[in-house]
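Chains as they are written, first to last, in UniProt numbering: chain L, 1 to 307; chain E, 1 to 266.
These are computed hints drawn from the structure, not numbers from a lab.
Be aware that a few hints might be false.
To be verified - Using 25 Å as the maximum straight-line C-alpha spacing, the simulated SDA-like pairs for lysine to any residue come out as follows:
hint, chain 1, residue 1, chain 2, residue 2
1, E, K44, E, S233
2, E, K44, L, N150
3, L, K163, L, N150
4, E, K44, L, G144
5, E, K44, L, S160
6, E, K44, L, S155
7, E, K101, L, V43
8, E, K101, L, A288
9, L, K163, L, L153
10, E, K101, L, L37
11, E, K44, L, V43
12, E, K57, E, R174
13, L, K216, L, N291
14, E, K44, E, N61
15, L, K216, E, R18
16, E, K101, L, L153
17, E, K101, L, V44
18, E, K44, L, V152
19, E, K101, L, L232
20, L, K163, E, D41
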Amino acid sequence: MLTQYAPATVKDRYVREPLLRHRIVTAALLLAPMVLLLVGFMVVPVLQLLRSSFLPSSHLLDGTGFSLVQYVRFFSDPYYSSVLLETFVDGLIVSLICLVLGFPMGYSLARLPPLARRWRTIIVIMPLTLSLVVIVFGWLIILGRNGLLNSVLTSLYIVSSPKQLLFTRPAVLVVLVQQFLPFMILSIMSVVTQINPVLEQAAANLRANRFVTFRKVIVPLAVPGILVGFNLVFVLSISAFITPRLIGGSRVAMLGSLIYERMMSELNWPSGAAMAFVLFVSGLGFTAAFNALAASRLIVGGRRYAL
Amino acid sequence: MRSDFTDSAMAVSGAFIRASVYAMLALPAILVIVSSFTSGDTMKFPPRGFSLRWYQKAVENELFMSALWTSTYVAVLVAIIALVTGFAGAFAINRFSFPGKTFVQGLAFSPLIVPAVVLGIGLLQLFAWLDLTQTIYPLLLGHLVLAIPYVVRTILASLTLHDRVLEEAAMNLRATPLQVIRRITLPLILPGLLSAAIFAFVTSFGNATVSVFLTYGGNVTLPVQIFAYVDTSYDPLVAAVSSIMIVVTLVVIWAIERLIGAERVA
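The shape of chain L in the complex, shown without the other chains (with noise of 0.2 Å):
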């Protein structure tokens, strides 16, 4: 019952022992659940939101027929591919800040004694269990016109009257830097606590400084964990709707921000279903162009360090 076969002799032994056919059929049920779920309320939702986006009609699921008319309006109006290519630089920035930020996080958590890892892995993980929208209500309250920032700067001085800070580009960066961040510092932290640090002690005694050590010994063993964490915020970037509407309001044009509003306000189903498959589309297609290219470099990399 217990022990585990080697997938190569299983298709021709099952057939032969009634014992192995009876294993197929209970690994089949305890299964069966879990896929009929994932398949049931992911796959099909989504097959039926392609379908969708090719009818022609505006409103809700009105109309049958096939058409490409919502990518070509799509694609034919410079707003939205202008609103596609800032979702996509927005993305870019924040994944870029949250590297920055996450590797000095991950690498300390990693090295840090259990006891002193504990409350900062607390604080790391919180925003990631906490409702987004009360971290969205926690920015408010830092960026609103009579809020903690204003007041600070108010006060000392640096300006005169209260600024708007709402409802600009950066304020979206910013928040939705620290909503993604906890992922960035746990995918570096999981991959740094995998590398021995004897390798970094013997890059010392070799007389690397911290920085070619980083450089050389860290970096180059961290990328996985780099990717993944990249990756992650990159697709959670480019498909946040709540930060973009409530913190960057109607000045700040995301896509996902669009997509609401198009299904909830005008509900323009397809057109919204367009939208959403040319962001899901293009995400993945982003990320596996980039792994794609990380994986490239990787390789002649580890080549020259080879020789």
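Model the placement of chain E on the given structure of chain L, informed by the hints.
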């Protein structure tokens, strides 16, 4: 280690970055709690006075309290169902070999890479088509999909880490496979199971990005109610309601910490 200028520059900037990042991560939650105790009528910083009047208003508020009930109810159901289906799935992945294993594993983790808007509006259309938008099912099933990756990951880790020698010993003593699972495996991975259920609970309890599309008719969860409220108005009532959410979340993190150590969330 040899010290030179780069070393100290990196040490100083690293310490500075770390201190500011910890402050930045904790600040929003702290400010929400601080301003929920204001006695003033508007959100202002620094808050004026100290009172519990906004908590009283929050408890008396029908909208927020029924939303809190819906959130809790859905999250408890999600935790139970996700634990059972996720355990069965993780057990099959860990202990059986079958064709298409990598595919199933990929499927179990894929809710993490589908953007929330895509999943949300996909489910909205599905349930509109099934004419079930007025029921609790959209929220329940949507949250289950979101919780599966966390549950499967936590249980897979527990199953891989625990010592199989005990199971083999039990089987040598002629225990049946079901007896082994019930008397040996489940008690051994109990902390992992509990934290998987807790992850499922928080995932459901705090979710807003998928829920906004699933509360289209009728049942509204607390995060969606807060979102709708903040979208139009801005007063200390939300601070009080949000503080309740923060307390629930902190209790949950503390529980996970006790059970398996907080860093395992990664």
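When you check the alpha-carbon spacing of E/K44 and E/S233, does it fall within 25 Å?
With Cα atoms ~14 Å apart, E/K44 and E/S233 stay inside 25 Å; holds.
Between E/K44 and L/S155, is the straight-line Cα distance small enough, at 25 Å or below?
holds, 14 Å
Below or equal to 25 Å on CA atoms is what counts here, so check E/K101 against L/V43.
Roughly 18 Å separates the two Cα atoms, so the pair holds.
What's the verdict on L/K163 and L/N150, does the C-alpha distance respect the 25 Å limit or exceed it?
Satisfied, since the Cα-Cα distance of roughly 7 Å is no more than 25 Å.
For the pair supplied as a hint, E/K44 and L/N150, is the alpha-carbon distance within the 25 Å limit?
holds, 10 Å
Agreement of E/K57 and E/R174 with the hint, judged by alpha carbon distance not exceeding 25 Å
Distance of about 62 Å is beyond 25 Å: violated.
If you draw a straight line from the CA of E/K44 to the CA of L/G144, is it 25 Å or shorter?
Since the Cα atoms of E/K44 and L/G144 sit roughly 9 Å apart, the hinted pair holds (cutoff 25 Å).
25 Å Cα cutoff - pair E/K101, L/V44:
holds, 21 Å
Keeping to a limit of 25 Å between CA atoms, is the pair of L/K216 and E/R18 held or broken?
holds, 22 Å
Given the proposed pairing of E/K101 with L/L232, does the C-alpha separation stay at or below 25 Å?
holds, 24 Å
Measure nothing beyond the straight line between the CA atoms of E/K101 and L/L153; if it is 25 Å or shorter, mark the hint as holding.
violated, 57 Å
Is it true that the CA of E/K44 sits at most 25 Å from the CA of L/V152?
holds, 12 Å
In the structure shown, a violation is registered for the earlier hints numbered 11, 12 and 16, in ascending order.
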